[in-house]
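Protein sequence lines, in the order shown, are assigned to chains A and B.
Heads up, the first sequence is in the numbering used here, so the first residue is 1 and it goes up one at a time.
Heads up, the second sequence is in the numbering used here, so the first residue is 1001 and it goes up one at a time.
Note that these hints are calculated values from the structure, not bench results.
Bear in mind the structure is a predicted one, so any value in this text is a computation, not a measurement.
For each residue, glycine too, the CB sits at the ideal point set by N, CA and C.
It cannot be assumed that every hint is accurate.
Stretch-level coverage of chain A by chain B, calculated; a stretch enters the list once three of its residues show a Cβ under 8 angstroms from a Cβ in chain B [as the list claims (entries may be wrong)]:
1. 40–54
2. 60–73
3. 84–92
4. 96–106
Each chain, letter by letter, is given below.
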Amino acid sequence: MPKFILITGRTAGQGEALPKGKESEDYRQATECIEMNPVDRERLGLQAGQRVRVRTAFGEAVLVLREKELPEGMVFVPLGPGANALIGAETRGTGMPDSKGLEVEVEPLCG
Amino acid sequence: MWIENVVCPFCGCLCDDIAVEVEDNRIKSVKRACSNGRSVFLHAPTEARRPVVDGKEVDWPDAIDAAARILMKSASPLIYGLSSTASEAQRKAIALADLLGASIDSTSSICHGPTSIGIQSQGEPTCTLGEVKHRSDLVIFWGCNPVEAHMRHFARYSVLARGKFTPQGRKDRTVVVVDVRPTLTARNADIFLQLRPGSDYEVLITLRAMLKGARLDVAEVGGVSVAQLADLVERMKRCRFGVVFFGMGVTQTGGKHWSIAELVALAAELNAHTRFNVMPMRGHGNVAGADCTLTWQTGYPFAVNFARGYPQYNPGEFTAVDLLARQEVDAALIIASDPMAHLPRQAAEHLNRIPTIVLDPEMNLTARVARVVLPTAIYGISAVGTAYRMDNIPLPLKKVVNSPQPTDEQVLDWIIERVKT
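Extracted from the complex, chain A is given alone in its bound form (with noise of 0.2 angstroms):
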């Protein structure tokens, strides 16, 4: 299985849908999603608009794949429920857990 490394941020479409409610469909759209490069798209044989499971050690998300322009072997997800399933709570004495940096499993969603 492919690892990569997970960026998790804020874009402007879940800023914009914010105020509008975390149960919108625009909320739900803006932060539900994984962006990857073509180039690893065309790899894994992934399609944008895509179902995938994403996968770390502390959790997975079903995500819907959009293209970006990205650094191979680097995917980012918005900042959302997806992005919270995906991270771990250890903080290392910080308070802020490791929210940028994790590796990460991508595979299209079968069934």
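Keeping the supplied structure of chain A fixed, place chain B upon it in accordance with the hints.
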């Protein structure tokens, strides 16, 4: 009716030039705000809402009584959030934490908590955004993406702003972006240094070493050529007024506060050559105020515990993620924040197990699992209050519509009075 010079309460930019059109106590349109700010004003709830206890609507005295009972019964309560409320309410939340012997933490612990820890060890060469606008000729964005998260930062304060000594705005500045991915902010840079993920610390100590004249026997550090790093050091030394804005790309990666301490030390050492500052890009509208208010009340910016009758500070022990993940709190009061949506699931799920009280204008994900929901007015839209911009400048928030809801400050006052009796 148009109301001018309104402060947008959404993010740490606190843009104070917004115009809001109000008719019949409803916001009709918004001028000059970014898409985030516009969304905040246009989607602000103004309808009357009653408090909810155990899923049933109740009157305010009953709701306050239920909240106070939960907190008084708790052996180890947590008060968390604070970043989207006014400093007047933050002060009351701290008074309540003191009264209860509670832990109190803000969302700073999952954004710029490591910045506070780094600054505690190194000091903070800092300035106001006004100085950046009027003086900066070298602007570096490190691990932050203002084009998507602080959309008017470029225009009002940093890249494009025309000031007394920067009359040509963008032409008077060199813009450098340091990031692990080509963000929209990076596309606006003169120089983009793309780091290998997790290498901020080694790149920062390399820059410090080069500033001190060290010669390196490697070709690259963190994915960036030594020639590019040498060029950056020269630009930093030669500028008139430099500033590094930094974000979660640094605070949430690898060395966290160690990286921040290196960044702050680099800026401090550059002051032997020129004027150089650092500034964290603060996310929520008054998250800087949470740090300021907690600091002037307790001596510490976040992760504070009153169990011994005096404030103790310990990130990793009294921070929300740790307290919740280790199940060390038995009740929670969440103010103007949504930890169910923003904390790692392993930490947030403890809020399902313990009685939780929510003060918030919105019906958010935490309110869905809370035992007591106290719907309040929105500071900056339906209530006046004070918020601190990302450069720690306090600004008065206006009220543009009337709300039937009480403010966070009033509700906290009621809870304090009930706990005292």
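Inset, instruction - Determine which of the earlier numbered hints do not hold for this structure and return their numbers in increasing order. - result: Number 1 - this is the single hint that the structure violates.
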